[in-house]
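Got chain A sorted already, so can you dock chains B, C, D, E and F onto it with the hints?
Number of protein chains: 6
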Amino acid sequence: MTDKQFDAVSGMDVPRFAGVATFMRLPQKSIDQANDVDIGLIGIPWDGGTTNRPGPRHGPRQMRDQSSMIRRVHHLTGESPFDRARIADLGDCPVNPIDVMDALTRIEKHYVHILDKNILPLSAGGDHLCSLPVLRALAKKHGPMGMVHFDAHSDLWDSYFGGFKYTHGTPFARAIEEGLLDPARVVQIGLRGSVYDMEDRDFGKKHNVRMISIEEFDELGVDQTMAVARQLVGDVKTYISFDIDCPDPAYAPGTGTPEVGGFTNREALYMLRKLRGLNIVGADVVEVSPPFDPSGYTALNAVTMMFELLCVMAENLNAND
Amino acid sequence: MTDKQFDAVSGMDVPRFAGVATFMRLPQKSIDQANDVDIGLIGIPWDGGTTNRPGPRHGPRQMRDQSSMIRRVHHLTGESPFDRARIADLGDCPVNPIDVMDALTRIEKHYVHILDKNILPLSAGGDHLCSLPVLRALAKKHGPMGMVHFDAHSDLWDSYFGGFKYTHGTPFARAIEEGLLDPARVVQIGLRGSVYDMEDRDFGKKHNVRMISIEEFDELGVDQTMAVARQLVGDVKTYISFDIDCPDPAYAPGTGTPEVGGFTNREALYMLRKLRGLNIVGADVVEVSPPFDPSGYTALNAVTMMFELLCVMAENLNAND
Amino acid sequence: MTDKQFDAVSGMDVPRFAGVATFMRLPQKSIDQANDVDIGLIGIPWDGGTTNRPGPRHGPRQMRDQSSMIRRVHHLTGESPFDRARIADLGDCPVNPIDVMDALTRIEKHYVHILDKNILPLSAGGDHLCSLPVLRALAKKHGPMGMVHFDAHSDLWDSYFGGFKYTHGTPFARAIEEGLLDPARVVQIGLRGSVYDMEDRDFGKKHNVRMISIEEFDELGVDQTMAVARQLVGDVKTYISFDIDCPDPAYAPGTGTPEVGGFTNREALYMLRKLRGLNIVGADVVEVSPPFDPSGYTALNAVTMMFELLCVMAENLNAND
Amino acid sequence: MTDKQFDAVSGMDVPRFAGVATFMRLPQKSIDQANDVDIGLIGIPWDGGTTNRPGPRHGPRQMRDQSSMIRRVHHLTGESPFDRARIADLGDCPVNPIDVMDALTRIEKHYVHILDKNILPLSAGGDHLCSLPVLRALAKKHGPMGMVHFDAHSDLWDSYFGGFKYTHGTPFARAIEEGLLDPARVVQIGLRGSVYDMEDRDFGKKHNVRMISIEEFDELGVDQTMAVARQLVGDVKTYISFDIDCPDPAYAPGTGTPEVGGFTNREALYMLRKLRGLNIVGADVVEVSPPFDPSGYTALNAVTMMFELLCVMAENLNAND
Amino acid sequence: MTDKQFDAVSGMDVPRFAGVATFMRLPQKSIDQANDVDIGLIGIPWDGGTTNRPGPRHGPRQMRDQSSMIRRVHHLTGESPFDRARIADLGDCPVNPIDVMDALTRIEKHYVHILDKNILPLSAGGDHLCSLPVLRALAKKHGPMGMVHFDAHSDLWDSYFGGFKYTHGTPFARAIEEGLLDPARVVQIGLRGSVYDMEDRDFGKKHNVRMISIEEFDELGVDQTMAVARQLVGDVKTYISFDIDCPDPAYAPGTGTPEVGGFTNREALYMLRKLRGLNIVGADVVEVSPPFDPSGYTALNAVTMMFELLCVMAENLNAND
Amino acid sequence: MTDKQFDAVSGMDVPRFAGVATFMRLPQKSIDQANDVDIGLIGIPWDGGTTNRPGPRHGPRQMRDQSSMIRRVHHLTGESPFDRARIADLGDCPVNPIDVMDALTRIEKHYVHILDKNILPLSAGGDHLCSLPVLRALAKKHGPMGMVHFDAHSDLWDSYFGGFKYTHGTPFARAIEEGLLDPARVVQIGLRGSVYDMEDRDFGKKHNVRMISIEEFDELGVDQTMAVARQLVGDVKTYISFDIDCPDPAYAPGTGTPEVGGFTNREALYMLRKLRGLNIVGADVVEVSPPFDPSGYTALNAVTMMFELLCVMAENLNAND
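Chains as they are written, first to last, in the numbering used here: chain A, 947 to 1267; chain B, 947 to 1267; chain C, 947 to 1267; chain D, 947 to 1267; chain E, 947 to 1267; chain F, 947 to 1267.
A portion of the hints provided could be inaccurate.
When chains are identical, the list treats them as one kind, so a pair holds in a single copy or across two.
The calculated DSS-like cross-link candidates involving lysine-lysine, where the alpha carbons are at most 25 Å apart (straight line), are [as the list claims (entries may be wrong)]:
1. 975 with 1152
2. 1151 with 1087
3. 1063 with 1220
4. 975 with 950
5. 1152 with 1055
6. 950 with 1086
7. 1111 with 1055
8. 1055 with 1220
9. 1151 with 975
Because the hints were derived from the structure by calculation, they are not lab data.
Same shape as in the complex, but just chain A:
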């Protein structure tokens, strides 16, 4: 299945630095134009949940810019997601930079609209609170989901600043409480760094979330870690969430809450490839903060992860045909 209107512009024909920057040089379509899209790349330019260093609101734009570096074919498989699926840049989601609750509503509504069109969403954050309204929209369609979550942080905290429940440290506590995720089908990989206290770990344990610290990952290795993850989510509908702070700050300095001692890029890439065949209903790559990395290589890492996810998602899509 190759549909020329959905092909990415090649750097062999048009130099990579040329042209208006869309995700992976794909055609841009509004949702209304997107009737025949299989997978939609959507930016969520919002960081209203950020408790410390802001910036991910600028993430989608820098990620689009850097994504010109991505070429159409995976070097190991020789295959292109753009041959397997109709993929488009659906632009950015409506947001509100000065009102958290309004932004959550706008994002959820936008994703309901996308899902109504049977488009599989791959989102570019935005801070991690962005995942919550996306999960809300997905759960309306799919019910409680499993999740493979790559992150330095559990994001399972209850509240900040005296009872404020919606921050980028709380989305998955909310998602579990709201029944969007089946916590026994949630695995978190790469946890590390100093913590406020053990509240998030206790919350995770109580709900049977499988939490894999970087130290446990170091013992298990890539293959076994992912075997644990795959077994856990099995064939349930599964969301993939990749926080760019899961690699070490050396690999991803452009993020708001870096934690020393994370993944190498190779480890991250290899783990994503092990998602092949899972029943993925959506995914995101979040927390790229351009002001903290003007060089853009954090964003390049992020869009490389998005490309790996696209390859897996497009393949799954065909497998399900």
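For chains B, C, D, E and F alone, kept in the frame of chain A given last:
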């Protein structure tokens, strides 16, 4: 009047790079310890009203760091504000990075507390919405005030994103509506840059705000511009607000809404000196955004402006003794 | 005349950091779709004529990004070019980064296509050699033109590296030799910096080019300088070329051949406004080199200059209706 | 043992970017106020021994700033050093940026004062010559000590520039000559990079210093390397010195003498944890050079290492109670 | 063999930051003066083959600057290449930044000149197309060679932009077609990243090039990978080409075509050491792009690789004496 | 008089980025080779007198690099200093980064050597303390000199850190005390910024130093300011010292002690041109600190000032023939 406990550490005794960074190397005091303070330097680490590029929440810290470059004596007068007044770093104001309305309340309350101690506040922002709760606290004590406002933008807009009334583009519209400012005693200097439409200018005209564009400033020159400003505010209680985007981006790249074609540093310094003798009840320097200027020279400019303000404010204080 | 399909997205409705970046948040149209466009904004992502520090090939993208900061209305006139003319982002011109002669051909051909549609081109370079193929296309339609040229350099050199005639130091020597420009109607403003020898000045003198150094500008001032320029070009068809190295490096560090001692932003803006009423058949802003200014404020300056040009060009367009 | 006056400010209550920056958001105390302090965090803002790229004089300030990212509890143990020990920021040590010998005297004297109060010092450099006066003060109290030294360089050179004996390449040669260290109890881990000649290796061998190159580390792995180190120092009084150039420049670009091919952050963290139970009488993290990493992630790495050291030191303290 | 006129300046005598920057602080000689030189370090300041982000034309200068950090002796062997061979900085090769074909001719001619003097060339690029004219010169002397090629990319593409055959993506396709390399003696190590299609892999397979992806490397490890390489080239005359994009972008951000997921510095260093004893007739380190890494640590990595190559090359030279 | 061996390499023949970087692409000569040199460009890579932010030790190297941008002819006069005088890069002066007194001795001795060869020195600092040993060497030959001193700071302080008399804040107090300068023939232009106290102003007044603040300069203008300076030094032997912190930080961020509110580049250039005809016996441009401006445009400003000085000095030289 020299009170050794309020003196700044000298770079001749302790190198400027040494020590915990407080504003201008002054002693830090909590408000409860601040019974004998005349002028308080307060950080407002908040940018919840920012509609575009965030970052001023990090302003006070970078400004404290750069303020180690400030020495105690003004080179023209040979006098030091630290000899004329008891000045201290009162630390940062409580804020809330994820809830605008809660933050406005916290800030106002903190300034009421400061004003109860008869401390003259000189604040380091934060985005420009920070000025609103400060004005609310001041107006409780002083009633409607005049204002000399240096800025590329009027900040007199009504609302953003479909009716949201509290952003860094709206503080002075709110302040006028709430009766905190006497608009006929408000002068805005340095306006420029493309605009959404003429709503803010119309609002200003309707309320008799005196708006001086950079082009008008260019015709008037420093002296006449400030003569206009001084005549306008006369001897009424007056607030001074200095947005670091009033200089040209070449002088202050580290800000969220730079507008090409602004003041030089010399023009800005000379204007501030012309505030001498006004009845100043408070002042702020806002919109320093460290992520957009890691070099820190925007913050250096900002704290140099703060030092000029301090000189004027300390002198006035004595004049009123 | 307001045509909603040509309006720029407002930062009051959609935050400035959101969405795929087009010039000034205008709709993007391919040339084939551009039948009703009055003024076209076109990127020329090419720096094949650069003899020293490369990078302007990345200029259009960073300029599109920064142009999100531009709002729709000019603060002095209260009018918007987007109300006066149908303006669109026509995307980037075809180029060839590794073959100078092929690139010159591709660019010229693309502009012939644009001019066939009666679109007035405002281009974003690219290095200054980009102006040559644009002038070739324009001269086919208009014959020899006048030019107001803002630059630190005359770009009137003959050749480099042993006879190579097409570099960013030679475009206007070629344009004069080829009869694209009427040299007696060409004025260059802002010349300065050390030179190889006096060859370019001699070439200029020989052809009656009016060369105004920064030192002469300093004596004349903005108004008189522009009076000289306006008198020179009169009502002949005129091209405007603005090299971002005409401002001082403090205002525009992101360029390949900075020359110490240039214009301030205010001088540059005021000069552009004095182009009002000239018979402008095309314009460009060139030599923005993003790798030498990751902060983007050079590009912000450049797009601010583009907006001033747009205002003048749109107004002229109406005047000619 | 929890003493509220010694607790770190939590990012759940006060945002991390707020407030005057002290080490790990701990209370600041002058030495005179520090009668009940168990572990003191001290900055040594000095780089007078630097033979090449200066900057570590600015280290403590950037490290304090970045240390706001550290939270109070270790994620693996669930315990906080701030519960186990009374820890405070003791400010910066007196120095002299223009006279090496005077600076050495000032630093030693300051540490004698600290040790008189029975405070366990954890210092933030400064260049590596800072360790010498600290060792002098410690040796007065403890006699010759063992040392676990993480570094790309042995710092065992004799002299530079024709006989100058006090540089950041010579501190441990001096310390051994002066009998501050028992060389047979000194282990150096991570040595690499080109060298002037084999003088330092010969000096080390002659004095039975155990030198572990990065290549030997690669063969041994973390566990065995640290087993060697632990066996060597046994239960003698031991100093820990961590030069931030021991990680690879990718992890710590902000240092004066980077050497390609160093530790990953994970390796470094895991090694520090293996210091648990040693008889540590002092420690330092040195050579963070902010001008060479304005992003601050080198400093973040450094303070993360300090936190790991604090955890070990606080635990030991209790064990010895 | 020690020849004082060929010794590097020591940082123990003259600080590393002092003096005109030559490669590794070696004496500079013109080719005419270079009669007694064994190994020549040559800069190729050219990036005319670059299809995307330019900058390697500035590589040699930044590499010279950073190479002041290299000391004369290898820490593992205790030996110095400067004792084993007469090594000099031969300055930069003539180039032409605006004409690809002319530049190729100039470079080849320069290397023919160098080879006529029996100097073993170690070049600092420049983009990867630089290797082609060097190979042309070498092949004139040595006939078809083997090659050990460290790179993220195969550089075996046919053409770009509609038939342009000379870019930094095509040099080794040309070299094989022209008979400069014996493809069955060519091994490429570190291949990864998305690709246009499988054309390059097919070309490689067809010509029996041994292509080792990063994934295969991960399975083989350093020792086995290099065993494969050594076996392949055996004792034939062999060229070594090291593209600085073979390490991960975290280790080498300053390059034009970074690919996420590459070598660590340790892996790269260890592989180079395994070249000991091969019959090396020339080598290069290419694609350092200073504008994309002003910090210079990419260049530091590159010159460290050059030093490792020098050690191997100087040792081989003696072995052949 | 044109001597081809002393000509600068032209960017028309060899691209500016190519070749080993010497000052203005001139030939490098050791002092022993410099028998026929008229004007020597000498680097002083030393910042041992720096009391705050270090870095000028790296100044000469970055200035050499940026000086490739300078072409051979002055655009106003059409003349080249390289035609008028034999000018060479004499390399860097011996220094000692860790011992102030030893460095002062090394520098003075080196300049005595240079002056013995009748070479007119134009130095590139280094911090401002570098001027002291140069003045010592010059005074041995010429006796007490006049000085035109462009600076934000008087550098007339007595001592720092409890009696340390040799810092970059004290060189001209020492020079006056030692009789190297005739204080009544010293003019300082551009003084500004906060000060410790009035000690330096008092010292200046007491010795009849003519101190022109930036405010006085603003009233006088360029022409009158320089008329004052010229009248003061008359035809006595005169030293020119240009501290790069005399321009505003917007023009020269890369310096250790920036003071807001300084010269524009145009003002600085025009003032230097007014030195024509003075009896200049030496000059320096100091305090360029590369770590605080990796972009290099501060250094570009500095070498542009050096070129203006060269033009004046070479012209004078001829006038005296």
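These are the hints, each one checked on the structure:
no. : hint           : verdict
1   : 975 with 1152  : neither (43 Å within a copy, 41 Å between copies)
2   : 1151 with 1087 : neither (27 Å within a copy, 47 Å between copies)
3   : 1063 with 1220 : neither (28 Å within a copy, 52 Å between copies)
4   : 975 with 950   : both (14 Å within a copy, 19 Å between copies)
5   : 1152 with 1055 : neither (31 Å within a copy, 39 Å between copies)
6   : 950 with 1086  : neither (33 Å within a copy, 36 Å between copies)
7   : 1111 with 1055 : both (20 Å within a copy, 23 Å between copies)
8   : 1055 with 1220 : neither (32 Å within a copy, 49 Å between copies)
9   : 1151 with 975  : neither (43 Å within a copy, 39 Å between copies)
In the structure shown, a violation is registered for the earlier hints numbered 1, 2, 3, 5, 6, 8, 9, in ascending order.
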